[in-house]
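Just so you know, the protein sequences line up as chains A and B, in that order.
Using my numbering, you'd call the opening residue of the first sequence number 1 and step up by one each time.
Using my numbering, you'd call the opening residue of the second sequence number 218 and step up by one each time.
A hint or two may mislead.
Said to hold, decoys possible - Selected chain A positions facing chain B (Cβ under 7 Å, derived; list incomplete):
#1 Asp5
#2 Trp25
#3 Arg26
#4 Arg34
#5 Arg53
#6 Thr57
#7 Arg58
#8 Leu65
#9 Arg70
#10 Met196
#11 Phe198
#12 Ser202
#13 Ile206
#14 Lys213
#15 Gly214
As the list claims (entries may be wrong) - Dumping the calculated BS3-like pairs for lysine-lysine here, alpha-carbon to alpha-carbon at most 30 Å:
#16 Lys641(B) - Lys67(A)
#17 Lys67(A) - Lys292(B)
#18 Lys67(A) - Lys446(B)
#19 Lys474(B) - Lys446(B)
#20 Lys216(A) - Lys610(B)
#21 Lys216(A) - Lys641(B)
#22 Lys491(B) - Lys216(A)
#23 Lys216(A) - Lys474(B)
#24 Lys563(B) - Lys446(B)
Source of the hints: derived by calculation from the structure; they are not laboratory data.
Every residue, glycine too, gets a C-beta built ideally from N, C-alpha and C.
Now for the letters of each chain:
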Amino acid sequence: MTLLDFAIGPALQWSLMIMIVGLCWRVVGVFLGRWRRDLSRPRSDALVQGGLRAIITRSAPARELEKNIRFQHFTGYIWHIGFFMTVLLYEPHIDFFKSILGFGWPGLPSHLVVFPAAIALAILVMLTIRRMIDPMMRTITRPDDYLSLIIIISALITGLMASAHIGPRYETMLALHILNVELLFVWIPFSKLAHMIFWLLSRYRIGAYFERKGVKA
Amino acid sequence: MNLALIAIDQLQEDLGALAAKAAPTEMPDAERVARAKHVFMKRMSIGLAMNLESCIDCGMCSEACHFYMVTRDPKYAPVRKLEPLRRFYRRELTPLRWVNRLFVRDISADELREWQELVYDACTACGRCDMICPMGVGISESVHLMREGMAAAGLIPSELRAIDQEQREQGTALDVDRNQFTAIVQELATEGVDIPVDKAKADILVLSSALNLRLFRQTVASTAKIMNKLGVDWTMSSRCFDASNYGYLSGDYPAEKTNTLRIIDAATACGASKVIVPECGHAYMALRWGGANVLGERPPFRTLAISEFIGREIEAGRLQVKPIVNGNSVTFHDSCRLVRHGGLLKEPRIALRALGLDLREMESRGRTAICCGGGEGGNVIGRAKSLRGQAFKIKMQEAEDTDADSVVTSCDSCRYNFITGGAKANWNKTIESLVELVADNLA
């Protein structure tokens, strides 16, 4: 078995399984906790609307709040968009999804996907440096933050190298990229990257919590 | 020096003395940690767990926090204030605790001592960070759980601890007892303000607060004038007149429960259908939102803040006010507990508009209002005075930017902080109470 065979075979199956089972366990584990029913008389009963509203409105904070976080806000948007464009619109990635899901979708030419990937990479490097030099960010940073950044950055770098045929021979580079992505899959449930699920739950929850008090969160 | 400042000086002197009198809570370090952990475990809920699972350490919460914004000191990052709780959660409760225990340090008594300043002096649980977090983490409610853990570990700051002990053991706060309350009622009667006290049955039980009675007794008179003008069936209780809840502020849940049940019992005894909380944000929070949860069921009355009651009565046409001719321009300060955590955005503005005032809104208002810096018990902590004063400057600037002649608020703690902070900064803005403004202009 070559490294590439291992990467697209058992490593892929196991990493996906760990990610799915781990995420399910992490989310279910939270919901197995104590449900504290709020007995106070609600000011509003529209908790579902409040929760759903917060899922959307949290993406665009009020102007008086946003003006202080403009850098984080927009860099956050740009790198996420760049990253997901790369994941979802690069044709070899679409072929991969097709092999699992049974269907695909139109992609972007390879030379165009390089740009969002490179922009995402540049922003992530910038955010990592900011985390290291900004005193407040350094204070709140945990090993999880750096590890998550390193794993995503290296996935982007290996991907760009493989697509540009830079580094070791193509099959080895591709295997390294796939193994890196699989490391990301395994890391997700153990890290803050689980926010790929929690952002929805948590935004909904805060929206409903404040809606109960008659406040649009 | 005006009367309020003299009373405030006296109060601050008394607080200093009270702090020295606070009974020490000595215990071995291991017990402090065990007690804090026990409370974290006992009070944890799905919602709080969600908060602790979802944070991505982005630091955006810092840019909504007045303490961080004014000092730029990293230790005041809101999410950092939760660090002991987060570590406890990751080691003991998260579904992945068995992995985390290998890497995450346990909390220590020294850390809890260090965090005392962060969760009491440098956080008013105002919840502005709750509004900015892209993940929707409820930081302020998590800080409250931190306070509960600190209280169990015997680490409430001494001034707050002294008042908490006084209220829990004697039923009074800031030395305002039944005799003083009665004396104030009698004094107001000589000024022509009638306050019905200890009626066996009444439709409305009106509360005051220790801070109210010590610093702003005119507000008590104003409340009485409004109630009498409405002709409603109301009373105050000489045994239970204080809405303030220092157990809630301290994170001392057993004391919070005792204080809340005292009010619920008094209201139930006189058959009140409404309890009116004075201009006091935390008192509203503790009774309006906490009362039912403490009791285990909804109490047989509705809790209204006085500003809420006034706004509704004006809106319904039952309370008429005279528009203030050539009235000055005003800006309204939203108390965090009444507005962001209470939903009372509309009611005070109904009153201000009925008074015909030129209302000039601050840039941050309603759900995004900046805290004045002195709520959640912070204004009784002596060592926090300087930090509080710095944080107040952000609020002062926002109020100044409106170019309004005066600031109106409906929370005594905020008013206290505006007066003390303003005096320190030589800021000559008039600070007014909504209730007094309405009472002075009844039609």
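Check whether the Cα positions of Lys474(B) and Lys446(B) lie no farther apart than 30 Å.
Violated: Lys474(B) and Lys446(B) sit about 34 Å apart, past 30 Å.
Assess, step by step, whether the Cα of Lys216(A) is no farther than 30 Å from the Cα of Lys474(B), and give holds or violated.
29 Å, holds
Does Asp5(A) hold up as a contact with chain B if the rule is Cβ-Cβ below 7 Å?
Interface hint status for Asp5(A): violated (30 Å vs cutoff 7 Å).
Are the Cα atoms of Lys216(A) and Lys610(B) separated by 30 Å or less?
27 Å, holds
Is the hinted pair Lys563(B) and Lys446(B) satisfied, with a Cα-Cα distance of at most 30 Å?
23 Å, holds
When the nearest CB of chain B is found for Gly214(A), is that gap smaller than 7 Å?
3 Å, holds
Keeping to a limit of 30 Å between CA atoms, is the pair of Lys491(B) and Lys216(A) held or broken?
Answer holds: Lys491(B) to Lys216(A) is near 26 Å, not above 30 Å.
Status of the hint placing Met196(A) at chain B (closest C-beta pair under 7 Å):
10 Å, violated
For the restraint on Arg58(A), tell me whether the closest CB of chain B is nearer than 7 Å.
6 Å, holds
Given hint Lys641(B) paired with Lys216(A) - CA-CA distance at most 30 Å
With Cα atoms ~35 Å apart, Lys216(A) and Lys641(B) exceed 30 Å; violated.
With a cut-off of 7 Å on the beta carbons, see whether Arg34(A) makes it to chain B.
5 Å, holds
Restraint satisfaction for Ile206(A) [CB to CB of chain B, less than 7 Å]
4 Å, holds
When each numbered hint is compared with the structure, violations occur for hints 1, 5, 6, 9, 10, 18, 19 and 21.
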